[in-house]
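**Student:** As a plain string of letters, each chain reads:
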Amino acid sequence: SQQGEEDPQALSIQEGENATMNCSYKTSINNLQWYRQNSGRGLVHLILIRSNEREKHSGRLRVTLDTSKKSSSLLITASRAADTASYFCATDGSGAGSYQLTFGKGTKLSVIP
Amino acid sequence: SQTIHQWPATLVQPVGSPLSLECTVEGTSNPNLYWYRQAAGRGLQLLFYSVGIGQISSEVPQNLSASRPQDRQFILSSKKLLLSDSGFYLCAWSLDGTGGRGYTFGSGTRLTVV
Numbered sequence: 003s004q005q006g007e008e009d010p011q012a013l014s015i016q017e018g019e020n021a022t023m024n025c026s027y028k029t030s031i032n033n034l035q036w037y038r039q040n041s042g043r044g045l046v047h048l049i050l051i052r053s054n055e056r057e058k059h060s061g062r063l064r065v066t067l068d069t070s071k072k073s074s075s076l077l078i079t080a081s082r083a084a085d086t087a088s089y090f091c092a093t094d095g096s097g098a099g100s101y102q103l104t105f106g107k108g109t110k111l112s113v114i115p
Numbered sequence: 238s239q240t241i242h243q244w245p246a247t248l249v250q251p252v253g254s255p256l257s258l259e260c261t262v263e264g265t266s267n268p269n270l271y272w273y274r275q276a277a278g279r280g281l282q283l284l285f286y287s288v289g290i291g292q293i294s295s296e297v298p299q300n301l302s303a304s305r306p307q308d309r310q311f312i313l314s315s316k317k318l319l320l321s322d323s324g325f326y327l328c329a330w331s332l333d334g335t336g337g338r339g340y341t342f343g344s345g346t347r348l349t350v351v
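Residue numbers (our numbering), protein chains in the order written: chain A, 3 to 115; chain B, 238 to 351.
No lab work stands behind these hints, which were simulated from the structure alone. Check the hints yourself; a few may be wrong.
What the hints assert, rightly or not - Simulated DEER-style distance windows between Cβ atoms:
| # | chain 1 | residue 1 | chain 2 | residue 2 | range |
| --- | --- | --- | --- | --- | --- |
| 1 | A | S70 | B | T349 | 42 to 48 Å |
| 2 | A | S70 | B | V252 | 47 to 53 Å |
| 3 | A | A12 | B | S304 | 36 to 42 Å |
| 4 | B | G253 | A | H59 | 48 to 54 Å |
| 5 | A | T29 | B | S294 | 16 to 22 Å |
Beta carbons: idealized from backbone N, C-alpha and C, even for Gly.
Bound conformation, chain A alone:
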């Protein structure tokens, strides 16, 4: 079953604008991760935020986590055409033996040059 659910399903912006994607999840987590997938390719790990962290930065990426609302957001600043891809959040369960990540359906981002 899907744990994370991204919102919006699709987002189209102009180059240079900021892109914000949201993710909601249902159960307690150890960490939440964001991945990027170019069309027809594998996923690439972007950033991980632990359950005791509220905000994390990596280059033009900013991730926030609100465990009380069970939600996270990914902000891409000053977007570029090369940022066009699908973005997925993924969560791991906080129980023992939780080896697997559960992915949402993704947000498809289109950055128009």
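Starting from the known structure of chain A, arrange chain B on it as the hints suggest.
**Tutor:** Structure of chain B alone, referenced to chain A:
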């Protein structure tokens, strides 16, 4: 550095034929290995994961099976493919059981069952 190889990139198979997809990891030891399937426009569904040689856990009942004959080799198989087995199959590895350092994915296999 660690690398993951997955092949073939694309595959068209008739219904009822067998399947074998292979995934190998280089540059690390005793990785956790995963097979995911991605239907068009949807998220990833975990099919199998393995924490060691010969240790396979299945997440969903299905027409597929997995094996790990060597530490860094993970194979996805089927004896008889169904139309519903079509999809994009992704292999991944991690060193941390809870994915704490993220997963590294292969480039995927696009399987079309006709």
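**Student:** Now tell me, hint by hint, if it's right for this structure.
**Tutor:** Outcome of the hint check:
1. The hinted range of 42 to 48 Å is satisfied by S70 (chain A) and T349 (chain B), whose Cβ atoms lie roughly 44 Å apart.
2. A C-beta distance of roughly 49 Å is found between S70 (chain A) and V252 (chain B), which places it inside the suggested range of 47 to 53 Å.
3. Roughly 38 Å separates the CB atoms of A12 (chain A) and S304 (chain B), a value that falls within the hinted 36 to 42 Å.
4. As the Cβ distance of G253 (chain B) to H59 (chain A) is approximately 52 Å, the hint placing it in 48 to 54 Å holds.
5. The supplied range of 16 to 22 Å is met by T29 (chain A) and S294 (chain B), whose beta-carbon atoms lie about 19 Å from each other.
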